[in-house]
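2 protein chains.
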Amino acid sequence: MISTSTTVPATRRVLAAELPGLIGAQVTLQGWLHRRRGLKSVVFLVLRDRSGLAQAVFTGPGAMAAAARHPEETVLQVTGTVTGNPQAPGGAELTSPSVTALSGPAEPPPFDLYRPTVAASLPTVLDHAPVALRHPVLRAPHVISAASVAGFRAALDGLGFTEIHTPKIVASATESGAGVFAVDWFGDRAYLAQSPQFFKQAMVGVFERVYEVGPVFRAEPHDTARHLAQYTSLDAELGFVADHRDVMAVLRDVLAGMTDAVRRRAGDACALLGAEVPDVPERIPEIHFTRAQDLLAAHTGDDPRGEPDLAPAHERWLSEWALREHGSEFLFVTGYPMAKRPFYTHPDPASPAHSNSFDLLFRGLELVTGGQRLHRHEDYLAALAGRGEPPAPYTGYLATFRHGMPPHGGFAIGLERWTSRLIGAANIRTATLFPRDLHRLTP
Amino acid sequence: MISTSTTVPATRRVLAAELPGLIGAQVTLQGWLHRRRGLKSVVFLVLRDRSGLAQAVFTGPGAMAAAARHPEETVLQVTGTVTGNPQAPGGAELTSPSVTALSGPAEPPPFDLYRPTVAASLPTVLDHAPVALRHPVLRAPHVISAASVAGFRAALDGLGFTEIHTPKIVASATESGAGVFAVDWFGDRAYLAQSPQFFKQAMVGVFERVYEVGPVFRAEPHDTARHLAQYTSLDAELGFVADHRDVMAVLRDVLAGMTDAVRRRAGDACALLGAEVPDVPERIPEIHFTRAQDLLAAHTGDDPRGEPDLAPAHERWLSEWALREHGSEFLFVTGYPMAKRPFYTHPDPASPAHSNSFDLLFRGLELVTGGQRLHRHEDYLAALAGRGEPPAPYTGYLATFRHGMPPHGGFAIGLERWTSRLIGAANIRTATLFPRDLHRLTP
Numbered sequence: 001m002i003s004t005s006t007t008v009p010a011t012r013r014v015l016a017a018e019l020p021g022l023i024g025a026q027v028t029l030q031g032w033l034h035r036r037r038g039l040k041s042v043v044f045l046v047l048r049d050r051s052g053l054a055q056a057v058f059t060g061p062g063a064m065a066a067a068a069r070h071p072e073e074t075v076l077q078v079t080g081t082v083t084g085n086p087q088a089p090g091g092a093e094l095t096s097p098s099v100t101a102l103s104g105p106a107e108p109p110p111f112d113l114y115r116p117t118v119a120a121s122l123p124t125v126l127d128h129a130p131v132a133l134r135h136p137v138l139r140a141p142h143v144i145s146a147a148s149v150a151g152f153r154a155a156l157d158g159l160g161f162t163e164i165h166t167p168k169i170v171a172s173a174t175e176s177g178a179g180v181f182a183v184d185w186f187g188d189r190a191y192l193a194q195s196p197q198f199f200k201q202a203m204v205g206v207f208e209r210v211y212e213v214g215p216v217f218r219a220e221p222h223d224t225a226r227h228l229a230q231y232t233s234l235d236a237e238l239g240f241v242a243d244h245r246d247v248m249a250v251l252r253d254v255l256a257g258m259t260d261a262v263r264r265r266a267g268d269a270c271a272l273l274g275a276e277v278p279d280v281p282e283r284i285p286e287i288h289f290t291r292a293q294d295l296l297a298a299h300t301g302d303d304p305r306g307e308p309d310l311a312p313a314h315e316r317w318l319s320e321w322a323l324r325e326h327g328s329e330f331l332f333v334t335g336y337p338m339a340k341r342p343f344y345t346h347p348d349p350a351s352p353a354h355s356n357s358f359d360l361l362f363r364g365l366e367l368v369t370g371g372q373r374l375h376r377h378e379d380y381l382a383a384l385a386g387r388g389e390p391p392a393p394y395t396g397y398l399a400t401f402r403h404g405m406p407p408h409g410g411f412a413i414g415l416e417r418w419t420s421r422l423i424g425a426a427n428i429r430t431a432t433l434f435p436r437d438l439h440r441l442t443p
Numbered sequence: 001m002i003s004t005s006t007t008v009p010a011t012r013r014v015l016a017a018e019l020p021g022l023i024g025a026q027v028t029l030q031g032w033l034h035r036r037r038g039l040k041s042v043v044f045l046v047l048r049d050r051s052g053l054a055q056a057v058f059t060g061p062g063a064m065a066a067a068a069r070h071p072e073e074t075v076l077q078v079t080g081t082v083t084g085n086p087q088a089p090g091g092a093e094l095t096s097p098s099v100t101a102l103s104g105p106a107e108p109p110p111f112d113l114y115r116p117t118v119a120a121s122l123p124t125v126l127d128h129a130p131v132a133l134r135h136p137v138l139r140a141p142h143v144i145s146a147a148s149v150a151g152f153r154a155a156l157d158g159l160g161f162t163e164i165h166t167p168k169i170v171a172s173a174t175e176s177g178a179g180v181f182a183v184d185w186f187g188d189r190a191y192l193a194q195s196p197q198f199f200k201q202a203m204v205g206v207f208e209r210v211y212e213v214g215p216v217f218r219a220e221p222h223d224t225a226r227h228l229a230q231y232t233s234l235d236a237e238l239g240f241v242a243d244h245r246d247v248m249a250v251l252r253d254v255l256a257g258m259t260d261a262v263r264r265r266a267g268d269a270c271a272l273l274g275a276e277v278p279d280v281p282e283r284i285p286e287i288h289f290t291r292a293q294d295l296l297a298a299h300t301g302d303d304p305r306g307e308p309d310l311a312p313a314h315e316r317w318l319s320e321w322a323l324r325e326h327g328s329e330f331l332f333v334t335g336y337p338m339a340k341r342p343f344y345t346h347p348d349p350a351s352p353a354h355s356n357s358f359d360l361l362f363r364g365l366e367l368v369t370g371g372q373r374l375h376r377h378e379d380y381l382a383a384l385a386g387r388g389e390p391p392a393p394y395t396g397y398l399a400t401f402r403h404g405m406p407p408h409g410g411f412a413i414g415l416e417r418w419t420s421r422l423i424g425a426a427n428i429r430t431a432t433l434f435p436r437d438l439h440r441l442t443p
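Order-wise, the sequence lines are chains A and B. Numbering-wise, the first sequence is residues 1 to 443 according to full-length UniProt numbering. Numbering-wise, the second sequence is residues 1 to 443 according to full-length UniProt numbering.
In case anyone wonders, no lab produced these hints; they're calculated from the structure. Think of the CB as a built atom: it goes at the ideal place given N, C-alpha and C, for glycine as much as any other residue. Each hint should be verified, as a subset may be incorrect.
Stated by the list, open to error - Here are some, though not all, of the chain A residues that point toward chain B, as calculated from beta-carbon distances under 8 Å:
#1 W32
#2 R36
#3 D49
#4 T74
#5 S103
#6 D184
#7 E208
#8 P215
#9 R305
#10 R376
#11 M405
To be verified - Per the computed footprint, the stretches of chain A lying under chain B, defined by three or more beta-carbons under 8 Å from a beta-carbon of chain B, are:
#12 89-98
#13 129-138
#14 145-157
#15 193-206
#16 225-232
When you get a sec, could you build the whole thing from the sequences and use the hints?
Dropping the structure here:
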């Protein structure tokens, strides 16, 4: 029988999660000292690496003293023999270990990282993000985010989309809504882009189907649990659609791709956070805005008919209704009144006061907004005139539509909002590595 | 025998590239009218879609008049019978077609998009980017870019890296080098990030191995063919390295992943541009800075010994040397003098005036810069003191290193620079959808 110890040279680093498959081998672990526990005749060092935790057991006065010297969070290299032990994490630990420090002795973090949760307020955690995020529970949302983005891209790559990178600095603050940040552009005034909307539409004329994953900026003067001044927008736009339903079908496939990737690549992170990954139905249920209002009038104390938008309480009720009636955690609400949508929104030809647009509700909140856009130059001029807006600031944007553009539409998913909802976070900052807001510009 | 015409419903859109496999079928194409040619008894409409070109042949006075009505770049839907014709693009064309416009009649673009190349200066092309990029030759670099980024990510995903998204707005302009753009941050002054360097290093403490694909901003006052004010940086950083050679090994695999993806996903674009995708050797040759200088002194008219950096002509000579001596279009130059590298660069322990850093030369130009970074808090303090810089502006960055950081390093690839080199572009703007520079803030 070949000893497994011959297959892993002592100098090659193995990861904590590999130990159970290497019983009997002499191996080297490298990682952070997550926890040190000294008993009378034994010192346990628990190392943390990107795969998880592993324990090394030091006995004898010399080894124990060498192990006990290192403060928690010091980066260590530990070489020893992998030994089965049902009590150890993963059922294996290192015995007869020797230890070397790869960093200087770590200063204690402002909170203990080895406890099950970090006992500190969110502002304190955010102030110390580079260290706080080492805690497995605070790290997990970002593993889920990374998996989600991978799923987003894989789904769209499979559908013939092309990835683009568009400018984040623009000449005019033309998209209405949230405020913009001004930039000193070689002595002139420019602005940070609030979305890649105009660029992605123009690129439908080039690639037909495009997506972008990138930062967007909102000078949001509200200090809430839901708003960030910079977030990551997952944008898609596609041409040759019949109407918004073709866009919704792509979004459905994207959500299926994202949830599949989360299950496959971030299962441990979800388990750690108790996050349940939703099933994406083959066909996500949809309800028209006016029918949604009728339902709310009939079944809740409110009568929202005549209102141009849904209140948060109404979105929650509709989400519960979709779960109850259709067994779906997702619900498309279509046909929002044109008055509440951007000027580039395509109206419903059969009912022009309503739009060929949608919101996707997920677990009680709006997660995605999208729809069909106008594609004829004269329709843009009429839409702007109808809102009393001069076309001049949009000259560059509108030029695209002079030269032949197909019916098209798209959507944008806020990555941090998606992850927050998925893990049930009380604050969107939990799903942001280094949040930027009214009060926070560091670290 | 089953007719293929039953397998494709007439209403389903097919792509131009699919026609040769659908001989005999009744199909619908949708795309831009690339070229219209009217002869005495026939009108040809060449449609362009994301897959390529396809031709429809209109005969008879009524059909010819209907076809001849549409100006080029109008978006059309054409339904007809797929008929083999060796003279047609791809060997098949649509006969007995009917045509409907999906857009309004297009205004003529400022240059003909159907000619083999666009007969306009680069500034004119850039002014009209949304239309100009529809030209297959101007579109192709961006297909190559998209493939390259996909390859970058796939390679790193396979090596256990985690994707991150870091702030593009920062509190202080701490990275030396190019200028920074100032942002009005709710009445305070902030800056656009010149690189994710500090963030990616901090995230090595959390994920060990991270990458980011995102915009970086350089307030570059030079108007050259090589500089952009915003570009896409492909950043990677990894912990638990022995030295910079572990970083170089990852970069080698990343380049192999990028070139594989370009071959696989952008072969047509490369062929159109005559771009030769380089082979990435199993081991990219490397040369130490001092040996490179010795070679240059021995074999060129120059004697650069004592200079702290390589001149562009020297980089070209070394690239040619690597191709001649090692058959490689890539060459690592290692050991650059510490004086020319950023303060966080790790010195060579055996020769502390030189660094554990590298440049990667590709076809005569520096493509990538990277290296090992300092990882001990006290080394950072000493490095800053040695440069006469106070540590105060770096407090947040330095805090990471108080709490245990492993030996680590990384690199950054400028996406537009990579694509430019690959296609042999004279100007980096050819590889940028909507360039931003000293003189250009639109479209």
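Here's how the hints hold up against the structure:
Satisfaction of the interface hint for W32(A) is found here, the shortest Cβ-Cβ separation to chain B being roughly 6 Å, below the 8 Å cut-off. A least Cβ separation of about 13 Å between R36(A) and chain B goes past the 8 Å threshold, and the interface hint is therefore violated. Look at D49(A): its Cβ gets to within about 7 Å of chain B, closer than 8 Å, so that hint holds up. For the restraint placing T74(A) at the interface with chain B, the shortest Cβ-Cβ distance is roughly 5 Å, inside the 8 Å limit, so the hint holds.
Hint status for S103(A) relative to chain B: holds, with the closest Cβ pair at about 5 Å, below 8 Å. The restraint placing D184(A) at the interface with chain B holds, with a minimum CB-CB distance near 4 Å, inside the 8 Å limit. With a least beta-carbon distance of about 4 Å to chain B, the hint placing E208(A) at the interface is held under the 8 Å criterion. Among the interface hints, the one on P215(A) holds; its C-beta lies about 5 Å from the nearest C-beta in chain B, closer than the 8 Å criterion.
Among the interface hints, the one on R305(A) is violated; its C-beta lies about 36 Å from the nearest C-beta in chain B, farther than the 8 Å criterion. Look at R376(A): its Cβ gets to within about 5 Å of chain B, closer than 8 Å, so that hint holds up. Interface restraint check for M405(A): the shortest CB-CB distance to chain B comes to about 6 Å, inside 8 Å, so the restraint holds. Given as covered by chain B, the stretch 89-98 of chain A fails the check, having 0 residues with a CB less than 8 Å from a CB of that chain where 3 are the minimum.
For the stretch 129-138 of chain A, the assignment as covered by chain B holds, since 5 residues bring a beta-carbon within under 8 Å of that chain's beta-carbons and 3 suffice. Here the stretch 145-157 of chain A counts 6 residues with a CB under 8 Å from a CB of chain B, which clears the bar of 3, and the coverage holds. Against chain B, the stretch 193-206 of chain A contributes 5 residues with a C-beta closer than 8 Å to a partner C-beta. That satisfies the three-residue criterion, and the hint holds. Residues of the stretch 225-232 of chain A lying with their CB closer than 8 Å to a CB of chain B number 3, which satisfies the three-residue condition for coverage.
Checked against the numbered hints above, the structure breaks hints 2, 9, 12 and satisfies the rest.
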